[in-house]
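Trainee: What follows is the residue order along each chain.
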Amino acid sequence: MAAALALTVLFVILLAAVIRLAVNENRLAGEPAEGVVWFSSQAQFEAMRLADSVLLFEMGRVARDEVILRFDLLDSRLRLFEEGQMTERVAGMSYQNEIAGVRKILDGQRGQLTGLDRADAEGLNALHDDAHAVSLTMRDFANAGMLDGRDRQEASRASRRQILLEIFGYLLATLAAGVLVSIIVVRNYRTMAQAEAALAQEREVSRLHRAFTSVVSHQFRTPLSIIDASSQRMLRRATVMTADEIVTRVSKIRNACQRLTRLMESTLNAARLEQGEIAFHARSCNLHHLIAAACDNQPEQDQSRIDCALERLPQLVIADSTLLEQAIQNLLSNALKYSPPDSLVLVRGAQQGNDVLISVADRGVGIPADELRFISERFFRARTAEGIPGTGIGLNFVSQIMVLHRGRIDVDSVEGKGSTFTLIFPYSSPSKLYAASSEQAG
Amino acid sequence: MSLNIWTSGRTFRTGWQILVGLAATTLFVVSAFGQTLEPLPAPAGPVILTVAGSIEVTNGNAGAAFDRDMLYALGISELTTSTPWTDGTRVFWGVLARAVLDRVGATGATVLASALNDYTVEIPMEDFETYDVLLATEMDGEEMLVSDKGPIWIVYPRDSDSALQDRRLHDRWVWQLKALQVR
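Those protein sequence lines, which keep their order, are chains R and P. For what it's worth, numbering that gives the first Met the number 0 labels the leading residue of the first sequence as 0, then goes sequentially. For what it's worth, numbering that gives the first Met the number 0 labels the leading residue of the second sequence as 0, then goes sequentially.
These are computed hints drawn from the structure, not numbers from a lab. Note that beta-carbon positions come from the ideal geometry of N, C-alpha and C, so glycine has one too. Some hints could be false.
[As the list claims (entries may be wrong)] Covered stretches of chain P (in silico footprint by chain R; criterion: 3 or more residues with CB under 8 Å from a CB of chain R, positions within the stretch not fixed):
1) 78-84
2) 144-151
[What the hints assert, rightly or not] Take a look, some chain R residues computed to stay more than 10 Å from chain P by CB distance:
3) Q84
4) M85
5) A90
6) R271
Isolated chain P, as found in the complex (with noise of 0.2 Å):
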């Protein structure tokens, strides 16, 4: 994966990346900061995620839609934790919200996450700078589906912070996650 280096909420990639950016330049989508991001391209299979909003890139009206394949080409990370909802400890795979806000070039200090059930929430942007939080599309090696949680959970690396394990944060655990709007 690219090495991230932070600058206002943005990023610039490195290595091969930026060579095949500079490549293919008329293709790309140019900030107003002169920093310049990847096209998006459609989704081929069942769209699970849509960012909308304060994005640079997308790839439909809708906003950015990505389907399985796509989030799982911005990086897989892996996060064990235990949850209030599940017994013991759970491994769970995904990609960092981060990653996803990145790639899309998201600009603001809020996200608003809703899901299948149209249960929406604010979550404060710096939760996902401060906090490796995940993505989360499997849970212990298996795809997480709607009839648990899937497709998309939202898990926060409650274990290794304790102020993570405050309660009044439990309502940012999105599941059945489907949509990022960026405020």
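Extracted from the complex, chain R is given alone in its bound form (with noise of 0.2 Å):
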């Protein structure tokens, strides 16, 4: 604010500055181009033709008439410092009582004029006496008048020099505001999009807070409830409840338990991962130990249900062990759960150029076309799901789990057929990890 006050006031220094450089310009330009030397010399070279002409006309060689043109001339240019804009000059060079003692001598001689007489030696006399004393007046004006002009000429160079430094230093303030101004605008601006950016991120994480608590609050009841149903039975039929009976509902209780504690995990999971909470170690790790891991965390009756085919896939590789068994067993468990309970699910990798691919296959429900590009968005899921308990966040998790590896999920699904999901990530084998650290060691 006092940045563009500031700006405001040196814009208009500046234009006042500019203005009085244009008037200073201007002084000269109102004044006729002729100027005061010209005009006296004018003036000067009139009354010296005047006395000739008086001489010339005693001597017979010219008439009256030449005489008085000759005075009319002399008295026209006169006239020139006594009106219009050289009267100015005139006083600014304190030229007045001059030029006003010229026209006394002029109408004191015009009366005689008409009447003059070749033989009236005295009268022509007088006439010429005062001709040429009023060339000599006329004369000293031209002189004053070529050494005011320098001193003008010299003032007015000076100001304009002087009001042109004021410009430059008024440009540069005017510059530097401007700069200010500008530095002053953006960071503003910054402020305000960092601002909006925080708003929209806080209003994201409502977003999410309301679904997670939707998703966990409807995900989380059926594992109560179960756990729930099987208590209360086994309260009532404490007594007379069998070995077996209590096995089967304790099992069921243990399950929902378990089940609670991997919804617990994966949405934990997921969002310590998003808050930067889980770091990413890439490491050597041996591919094939690590699915058949995941494999082996599958509920044991589906184990069987996976076929692994891993010849073309290279065992080691440079990644993050933990959350790419994270990713791919929620794939896995995802195919198991989406297909059906006697369908097998494939589990294939291989190297292609320079990227590995690991990819699950199932014959499940699938995906329908049109919801394919939201499969990474975080809670959700796709409407072939419903009826199925999920919580849309495992494969968000699996998707940011690939971008820390800079690599992606690809998904290929056809509705009611299955889906295949795949993880390809950049191949970099542990030996250039080894060669790269024992360079640096060496």
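Relying on the hints, combine the two individually framed chains into one complex.
Mentor: Structure follows, in structure tokens:
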């Protein structure tokens, strides 16, 4: 605000300086171009011609009219100092008295002009001497005019120089103020953009929070009600319950607890990853072992449905084994969950060019084509997944893990026929890592 | 005054002047373009302006000489303007330079204007075509004397066109004008 005010003030001062410069430049423009020197030299010339014509008239070589003409011409030159813009210069040079003196001489002589007589030597001499005196006055006036003009030009030049310097200074100041204003504007804009981004993030967090609450409350209800129902039953039949029945009930409770734990873990993992609480540690890991462990972590009754073919998959790669295992586990549990209990889930691995590909294919419900592009969004669940428990967090987590590995997740799915999810990330051989670290060590 | 229709710098005269002109064909000067201009009578009073050079109509060896009445017969125009050499705005009376040049059938690009003291300046013909330049003989209702820029002062309509306020045009304001030489 202050900078903008300063800028405005500077601009006004600059404008004023430019106007002053223009006024300075125009100060001479109003005057007749010919100037005092030219006019007075003209008057001097006419005065001398008048003096000449008087002598010639006396000698009988010119008529009286010629003398009158010369007198009139001198008169007209004198008038140029008595009216119009030149009077200002005459006053400026304090020459009014001299001009008035010449006027007095001319007025004194004019009455005698018509009666001018060749024989009147005294009168002619007086006219001649007056004309001569006028010419001398005019010569002095021309000299004074020259000096005055020189001084005025010098003053004008000095003034111009000073104003130009001022303008230069104001320009610099205006420029500086402009830069300052721009910086402030940019900073304000940036602050505003940051505030907007923060607000948007806040809104997103709030939205996610609501979605999370809704998903979790829904998903947690089922296992909780299983635990509750089994517990009630055991409470009611505590004395009459057979050992088998107790085992079945407790197994149900434990399964429900496991499910709750898994739910908790997957949501917490995703949140931690998002907040940077889970660090990405790339190190050498054995993909074959990693995939086998992921299979082992699946429910026992489902493990026989998994068919792995990993011959073309490199054994050792650089990756975060914990995260990668989590990703594969998620894909596997999804495949088992969304496909019929008797169908196979195929796990394939290969190296293609510089990429490692690990795919998990099922023959399950599939994902509608119009929903494929949303699969990695948090809390997204395909409409074909309705009725099957899930949070919509798993695939989002997998996709984040792939981003950390500078890779991506591809999905190929046909509704009702099944889906194939493929993890694709750049292959980096541990030998390179070793080579790099040994080079550094050496 | 007659209506002037411009054609390549020449004029056709309309109205009664054409009829009178046709009746006295033998007296007419016939130009190369077949246009006719009335002959100029000899001046009866003192000559105040002589137009010479590239003109079609003359009334003597010196060219076309005008006395005051002959000039006034071409039509009086009024022009109010300030000048750098006078105080305030002044009302000038006189004949348009264009009318004088038309009257003598002047053809050329420039006009040399000379004053009683033999000051001479070159004025482009274009000035007279573009602006209503006056050959002023009266200022504020009084005949201008030689002792004050008379008998004729070339006056431009300075106040009505800022382009005419250029100091470099001031030398064209010839006072004590005595002759125009068309080239």
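Trainee: Say whether it holds or is violated: M85/R keeps its Cβ farther than 10 Å from all Cβ of chain P.
Mentor: violated, 7 Å
Trainee: Checking a non-interface call: every C-beta of chain P should be farther than 10 Å from the C-beta of Q84/R. Is that right?
Mentor: Q84/R not clear of chain P: closest Cβ-Cβ about 5 Å, inside 10 Å.
Trainee: Closest CB-CB distance from A90/R to chain P, is it above 10 Å?
Mentor: holds, 13 Å
Trainee: At least three residues with a C-beta closer than 8 Å to a C-beta of chain R: is that true for the region 78-84 of chain P?
Mentor: holds (count 3)
Trainee: Are at least 3 residues of the region 144-151 of chain P within less than 8 Å of chain R when you compare beta carbons?
Mentor: With 5 residues closer than 8 Å to chain R, the region 144-151 of chain P meets the three-residue bar; holds.
Trainee: Verify that the Cβ of R271/R lies farther than 10 Å from every Cβ atom of chain P, and report whether the claim holds or is violated.
Mentor: holds, 81 Å
Hints 3 and 4 from the earlier list are contradicted by this structure; the remaining hints agree with it.
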